[in-house]
Amino acid sequence: DGGITQSPKYLFRKEGQNVTLSCEQNLNHDAMYWYRQDPGQGLRLIYYSQIVNDFQKGDIAEGYSVSREKKESFPLTVTSAQKNPTAFYLCASGVLSQPQHFGDGTRLSIL
Amino acid sequence: GDSVTQMEGPVTLSEEAFLTINCTYTATGYPSLFWYVQYPGEGLQLLLKATKADDKGSNKGFEATYRKETTSFHLEKGSVQVSDSAVYFCALSDLGGNNRLAFGKGNQVVVIP
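Chains as they are written, first to last, in the numbering used here: chain A, 1 to 111; chain B, 1001 to 1113.
Hints should not be assumed to be uniformly reliable.
Unchecked claim - With the Cβ distance kept under 8 angstroms, some of the chain A side facing chain B (calculated, not the full set): (1) 8; (2) 31; (3) 41; (4) 43; (5) 60; (6) 61; (7) 75; (8) 90; (9) 105.
To be verified - Taking lysine-lysine pairs in the BS3-like style, the calculated list, with each CA pair at most 30 angstroms apart, reads: (10) A:71 with B:1068; (11) B:1068 with A:9; (12) B:1105 with A:57; (13) B:1052 with A:57; (14) A:83 with A:14; (15) A:57 with A:70; (16) B:1052 with B:1077; (17) B:1105 with B:1049; (18) B:1049 with B:1077; (19) A:57 with A:71; (20) B:1105 with B:1068; (21) A:83 with B:1105; (22) B:1049 with A:57; (23) A:14 with A:57; (24) B:1056 with B:1077; (25) B:1077 with B:1060; (26) B:1056 with A:9; (27) A:14 with A:70; (28) B:1060 with B:1049; (29) A:83 with A:57; (30) A:9 with B:1052; (31) B:1049 with B:1068; (32) B:1105 with B:1077; (33) A:71 with A:9.
If you're looking for bench data, these hints aren't it; they were derived computationally from the structure.
Glycine included, every Cβ here is placed at the ideal spot set by N, Cα and C.
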């Protein structure tokens, strides 16, 4: 079945450590997105990419980095510069004029 | 910028009750509107959508009508079930541009047997 796979489901980060969240899609979608979800705050856009080798900052990009070397993959790195990384991270993909499809998320916690 | 506002607070109701979740939006253009649902520990699933004024989206007994005059997209269901317990998000997208979504804060719905 086509879909979006996020891994791992749970991730723990130590102080000063960078961690990378994986997002893979087999829907042949051009665009991919990363959102952060905090309790009571809805979803906020971190980064998005509309085409391979190109990406743009969203509303809360500070402390995060991404790459888009392949159409299927859009990994998100949470760097040590992100001082409050504990959250639920959701990856999505889509094409113009169609709703976005979401993965099942990665929950990141601080040790 | 574009934004979505959902009514405050969780919604608790009994099985077979009528559900309404209010959603209003602010947008400079003519966005498409969506309701997404999130079950515990999962990602978001598209529940329904409407792409132009007066469109009615419907799915699984849920309905919402795109009201341009009141900039609203309220979600309704006539008779809820325990399985409808989830968090519901209203969202808008410019679609014609970069397909960015703006989300409301979500409403937790708890249906009691």
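Hint check results:
no.: 1; hint: 8; result: 14 angstroms, violated
no.: 2; hint: 31; result: 6 angstroms, holds
no.: 3; hint: 41; result: 6 angstroms, holds
no.: 4; hint: 43; result: 4 angstroms, holds
no.: 5; hint: 60; result: 13 angstroms, violated
no.: 6; hint: 61; result: 13 angstroms, violated
no.: 7; hint: 75; result: 17 angstroms, violated
no.: 8; hint: 90; result: 6 angstroms, holds
no.: 9; hint: 105; result: 5 angstroms, holds
no.: 10; hint: A:71 with B:1068; result: 36 angstroms, violated
no.: 11; hint: B:1068 with A:9; result: 39 angstroms, violated
no.: 12; hint: B:1105 with A:57; result: 21 angstroms, holds
no.: 13; hint: B:1052 with A:57; result: 28 angstroms, holds
no.: 14; hint: A:83 with A:14; result: 12 angstroms, holds
no.: 15; hint: A:57 with A:70; result: 18 angstroms, holds
no.: 16; hint: B:1052 with B:1077; result: 21 angstroms, holds
no.: 17; hint: B:1105 with B:1049; result: 18 angstroms, holds
no.: 18; hint: B:1049 with B:1077; result: 15 angstroms, holds
no.: 19; hint: A:57 with A:71; result: 18 angstroms, holds
no.: 20; hint: B:1105 with B:1068; result: 21 angstroms, holds
no.: 21; hint: A:83 with B:1105; result: 22 angstroms, holds
no.: 22; hint: B:1049 with A:57; result: 26 angstroms, holds
no.: 23; hint: A:14 with A:57; result: 25 angstroms, holds
no.: 24; hint: B:1056 with B:1077; result: 13 angstroms, holds
no.: 25; hint: B:1077 with B:1060; result: 9 angstroms, holds
no.: 26; hint: B:1056 with A:9; result: 35 angstroms, violated
no.: 27; hint: A:14 with A:70; result: 29 angstroms, holds
no.: 28; hint: B:1060 with B:1049; result: 13 angstroms, holds
no.: 29; hint: A:83 with A:57; result: 18 angstroms, holds
no.: 30; hint: A:9 with B:1052; result: 37 angstroms, violated
no.: 31; hint: B:1049 with B:1068; result: 14 angstroms, holds
no.: 32; hint: B:1105 with B:1077; result: 20 angstroms, holds
no.: 33; hint: A:71 with A:9; result: 22 angstroms, holds
Comparing the model with each numbered hint stated earlier shows that hints 1, 5, 6, 7, 10, 11, 26, 30 do not hold.
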